[in-house]
Every structure is written in structure tokens, then in C-alpha cells.
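In order, the protein sequences belong to chains A and B. Mapped onto UniProt numbering, the consecutive letters of the first sequence carry residue numbers 1 to 217. Mapped onto UniProt numbering, the consecutive letters of the second sequence carry residue numbers 1 to 217.
None of these hints come from the bench; they were simulated from the model. Treat the numbers as computed from the prediction; the structure is a model and nothing was measured. Glycine included, each C-beta is placed from N, C-alpha and C at the ideal position. A few of these clues could be false.
[Unchecked claim] Taking CB as the label site, the calculated pair distances span:
1. A:R201 / B:P30: 31 to 37 Å
2. B:A74 / A:G23: 40 to 46 Å
3. B:I76 / A:L181: 45 to 51 Å
4. A:T178 / B:P30: 31 to 37 Å
5. B:H12 / A:D16: 30 to 36 Å
[Stated by the list, open to error] From the derived model, a few chain B residues whose C-beta atoms are all more than 10 Å from chain A:
6. V22
7. A42
8. R63
9. H108
10. R163
11. G177
12. V180
13. P191
[What the hints assert, rightly or not] Derived coverage of chain A by chain B (criterion: at least 3 residues anywhere in the stretch with Cβ under 8 Å from a Cβ of chain B; other residues may be distant):
14. 42-52
15. 69-83
16. 123-136
17. 185-192
Now for the letters of each chain:
There are 2 protein chains.
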Amino acid sequence: MDRLGPTDIRDHVGPDVEVIDVGKHPGHHPVPQEEINDLLVARARDGKRVVRLKGGDPFVFGRGGEEIAACLAAGIPVDVVPGISSAIAVPQAAGIPVTHRGVAGAVHIVNGPSEVTEATLAALRDDSVTTVILMGVGALPRIVSDALHAGVPADRPVAIVERGHHRDQRTTRSTLGTVVLDAGRAGVRNPAVIVVGDVARAGLLQPEHQLAGDTVL
Amino acid sequence: MDRLGPTDIRDHVGPDVEVIDVGKHPGHHPVPQEEINDLLVARARDGKRVVRLKGGDPFVFGRGGEEIAACLAAGIPVDVVPGISSAIAVPQAAGIPVTHRGVAGAVHIVNGPSEVTEATLAALRDDSVTTVILMGVGALPRIVSDALHAGVPADRPVAIVERGHHRDQRTTRSTLGTVVLDAGRAGVRNPAVIVVGDVARAGLLQPEHQLAGDTVL
């Protein structure tokens with residue numbers, strides 16, 4: 001399924017519903033966050049019931065907390081419906097369980113543009129931890145360089161899943177030592193989820209074949 | 001909503017559908033995992049379309065990977081529908097965003113019964129990381145002791161959310177130094193999700209009031 005735009009959403013709501021597209025894409029935020037917060041508050045104050053529809057989960061790098069805080073500060077009650085986070089669902093679509101008994105007993109989720117912290121290096125170093133990097137294609141060379149310098153083994157498996165759950169989903173398998181080269185060769189682009197850890201190696205769930213296609217494993 | 005039992009599921013499926021309750025609860029697994037795997041394969045080989053319904057997300061400590069591997073090894077194709085992981089959705093129900101701009105830039109998810117690894121200690125030590133502990137009530141004293149010995153500050157905020165998204169949801173707020181005592185006093189029990197980090201302090205989203213009730217913040 002492709003991202004729902006305002007035109008598609010119109011098919012699911014009545015003609016009296018106002019639809020405002022604040023259309024965030026990686027690196028392209030036409031409406032600043034402050035303005036989104038203000039819009040939510042303004043429409044609620046006009047007596048409207050406001051639905052803020054987001055991709056993924058609003059609390060996993062979704063800035064949902066900020067929007068809620070803005071509403072609560074204005075005295076507007078908020079109800080939150082959890083979402084499916086790409087950090088878990090996109091690896092899953094490529095046949096990668098973020099935890100797997102005997103392989104990965106913890107998951108560390110970070111966003112690519114942030115600095116690589118000591119905690120993230122510790123996660124990357126531990127082969128029983130799955131590290132999931134969101135919005136990480138641009139930052140990949142820096143993250144890999146920091147990890148290798150911090151002593152993370154170059155043969156640590158890496159998988160990059162582009163356009164998860166879309167028809168043209170693609171998984172690039174590599175290792176920490178070669179992933180920058182491999183990603184460049186494959187022309188990997190956002191939106192993509194990067195998985196580092198033993199669960200990312202090919203054939204974890206199906207020893208003999210590469211897992212194929214969409215969500216059908 | 002309470003957990004769907006086989007009786008409730010009957011309301012949603014036709015009379016010709018076989019419903020098998022493998023009813024896992026914390027510390028109570030009436031049907032061993034191996035047997036669940038075998039059941040899935042056996043029924044599929046009988047030509048049935050098998051739905052394995054789980055709480056939470058099948059790939060976040062849900063042993064979904066093992067069930068898929070068993071099916072694929074038997075030549076049975078598998079389709080996976082992502083779920084809402086309690087690691088993210090239960091803190092959310094208590095008004096705790098696992099990431100929050102300027103407060104928490106990474107999430108580390110572990111299960112309580114596992115040993116506390118160096119990577120988990122590094123996550124606990126970093127005040128920009130949210131650590132989420134699933135199935136952790138029994139292991140809490142050991143985890144807290146390990147964390148304090150490893151130099152994690154005693155004033156690190158901790159929240160324990162019991163029975164997330166149920167009508168009798170309850171949140172106990174504390175700090176690493178006093179949480180064992182506070183949890184004992186409150187009679188905290190599984191199912192519960194434990195959140196350690198600055199996002200767990202009361203009033204993050206709403207400075208003046210304790211957040212109240214269920215998912216309505």
C-alpha cells in the first residue's frame with residue numbers, strides 16, 4: 001500500500017470533513033512542527049474533533065509527544081491510538097525478526113541523523129542485540145565509521161529494507177565492513193530501515209532460500 | 001479490552017473453524033512452544049488455512065520467528081501481519097512517549113528474565129535512552145541491583161505500567177533507587193511494562209497534572 005494522500009483519505013471521510021495535508025516525507029517537511037501543533041489546537045478550539053493521522057507509531061520518532069503536550073497545555077483532551085512502528089514491522093516484512101530466541105534478546109532503536117552515542121555503540125558491539133536505525137541512509141557512512149572505530153566487528157550482518165510493505169520493497173544484505181559500498185552500488189535510498197545484528201543475515205528463518213517478496217515469506 | 005479467549009474468538013469466526021487455545025500467560029505456558037510449532041505444521045499439512053493469533057507483536061519476544069521457521073522448514077508459506085508491541089503501546093497508554101525530542105533519542109527493549117548485559121547497562125546509564133523492560137516484575141530487584149552497581153544514578157525515573165490498555169490499568173512512578181520498595185508496597189504484578197528513563201517522570205507531557213486514565217491522556 002502506498003502512503004495515503006489527502007485525495008485517498010477523502011474516500012474514507014464525509015464531504016464535511018476538512019483534510020489538511022502536512023505531508024512529511026524524509027527530508028521534506030512542508031509544514032513546520034510548531035505550525036502543526038498550532039493547527040491542532042486552533043481547530044480543537046473551534047469546537048472541531050481533530051484526528052491527527054500519522055504513519056508508523058506516533059511515539060517512535062513521530063513527535064506525537066510534542067503534539068500531545070501542545071494540546072494538553074491548551075486544555076484539550078487527547079486520545080492516542082497506537083500505531084505499527086516501522087522499526088519492527090519493516091524488518092518483519094523482509095523476514096527479519098528483531099528478536100529471536102538464541103540469536104537476539106534485545107532491540108535498540110535509534111534514528112540515523114542523531115549522533116552515535118556510547119549506548120548505541122554498546123548495542124552494536126553486542127551480538128545478542130538487534131540495532132534498528134530509522135531514517136539512516138544519509139547517515140550510514142558516519143554510523144559505520146563510528147562503529148568500526150569502536151571495535152564492532154566488520155562481519156556484523158546488516159540488512160537495509162527500502163520501502164517496507166510496499167510493492168517495490170527491496171532488501172539489501174551486507175555486513176558492517178562492506179555495507180556503505182553495497183548500499184552505494186544498489187542505489188539505496190530513504191525511506192529505509194537499517195537492521196544491524198545476527199537477525200539480519202540471510203536465511204535465518206529459511207536456511208536454504210533467500211526470503212522473497214513483500215510480507216509473504 | 002481484556003484478552004480474547006477462545007470463547008470470544010468464536011464470536012468472530014464461523015462455526016466450522018477449529019479454535020485451539022494455547023493460552024500463554026506470564027509464567028504459564030500450558031502448551032510448549034515445540035508443540036505449538038508442530039500444531040501449526042500439522043494443521044497446514046491437513047490442507048487447513050491456519051491463523052496464529054498472538055497478543056502484541058510476533059517478532060518482539062513473541063517467538064514468531066520460531067513458528068515461521070518451523071513452517072518454512074516444512075514447506076508451508078507464511079504471511080505475517082505486524083502487531084502493536086506492548087513495549088511501545090503500553091507506555092503510550094500511560095502517557096509515556098518512548099522517544100521525545102530533547103528527552104529520549106533512542107529506545108532499548110529487553111525482556112526481564114534475561115541476564116542484564118553490558119549493552120543494557122549502557123542504555124540505562126545514558127539519560128537520552130529509554131529502556132523498556134517486558135515481563136520484568138519478577139526480575140526487577142536483580143535488574144535494579146545490577147544497574148545501581150554499574151553506576152546508573154539512583155534518581156533515574158522509573159514507571160511501571162500494569163495491565164496496559166485494560167480498564168484497570170495502573171501506573172506506579174518511582175526512581176531506580178526506590179522502585180523495588182515502591183513496587184512491593186503497591187503490589188505490582190505482571191503483566192506489566194517497566195520504563196526507565198527521563199520520559200518516565202510524571203508530568204512530561206502535562207506539567208501540572210498527573211496523567212489520568214486509560215488511553216485518554
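Right, here's what the structure says about each hint:
With their beta carbons about 34 Å apart, R201 of chain A and P30 of chain B fall inside the hinted range of 31 to 37 Å. At roughly 45 Å, the beta carbons of A74 of chain B and G23 of chain A sit within the given window of 40 to 46 Å. Range check, I76 of chain B to L181 of chain A: about 37 Å between beta-carbon atoms, so the 45 to 51 Å window is missed. Evaluation of the 31 to 37 Å hint for T178 of chain A and P30 of chain B yields a failure: the beta carbon distance comes to about 46 Å.
H12 of chain B and D16 of chain A have their C-beta atoms about 32 Å apart, which keeps the hinted 30 to 36 Å range intact. No Cβ of chain A comes within 10 Å of the Cβ of V22 of chain B; the nearest lies about 17 Å off, and the non-interface call holds. Residue-level check passed: A42 of chain B sits 19 Å from the nearest beta carbon of chain A, beyond 10 Å. At roughly 6 Å, the least C-beta separation between R63 of chain B and chain A is not larger than 10 Å, which violates its mark as non-interface.
Look at H108 of chain B: its CB is around 5 Å from the nearest CB on chain A, not clear of 10 Å, so calling it non-interface is violated. With a cut of 10 Å on Cβ distances, R163 of chain B stays outside the contact zone with chain A, its closest approach being about 15 Å. For G177 of chain B, the condition that its CB be more than 10 Å from all CB atoms of chain A holds, with the nearest at approximately 21 Å. In this structure V180 of chain B is separated from chain A by more than 10 Å, as the shortest Cβ-Cβ distance comes to about 22 Å.
No beta-carbon of chain A is positioned within 10 Å of the beta-carbon of P191 of chain B; the least distance is around 16 Å. With a threshold of 8 Å between beta carbons, the proposed coverage of the stretch 42-52 of chain A by chain B is violated, since 0 of its residues qualify and at least three are required. Counting residues of the stretch 69-83 of chain A whose C-beta lies closer than 8 Å to any C-beta of chain B gives 10; at least three are required, and the coverage claim holds. Closer than 8 Å: that is the beta-carbon criterion, and the stretch 123-136 of chain A has 5 residues meeting it against chain B, so the requirement of 3 holds.
For the stretch 185-192 of chain A, the stated coverage by chain B is violated: 0 residues have a C-beta nearer than 8 Å to a C-beta of that chain, whereas at least 3 were required.
Figure legend: structure checked against the earlier numbered hints; hints not met, in rising order: 3, 4, 8, 9, 14 and 17.
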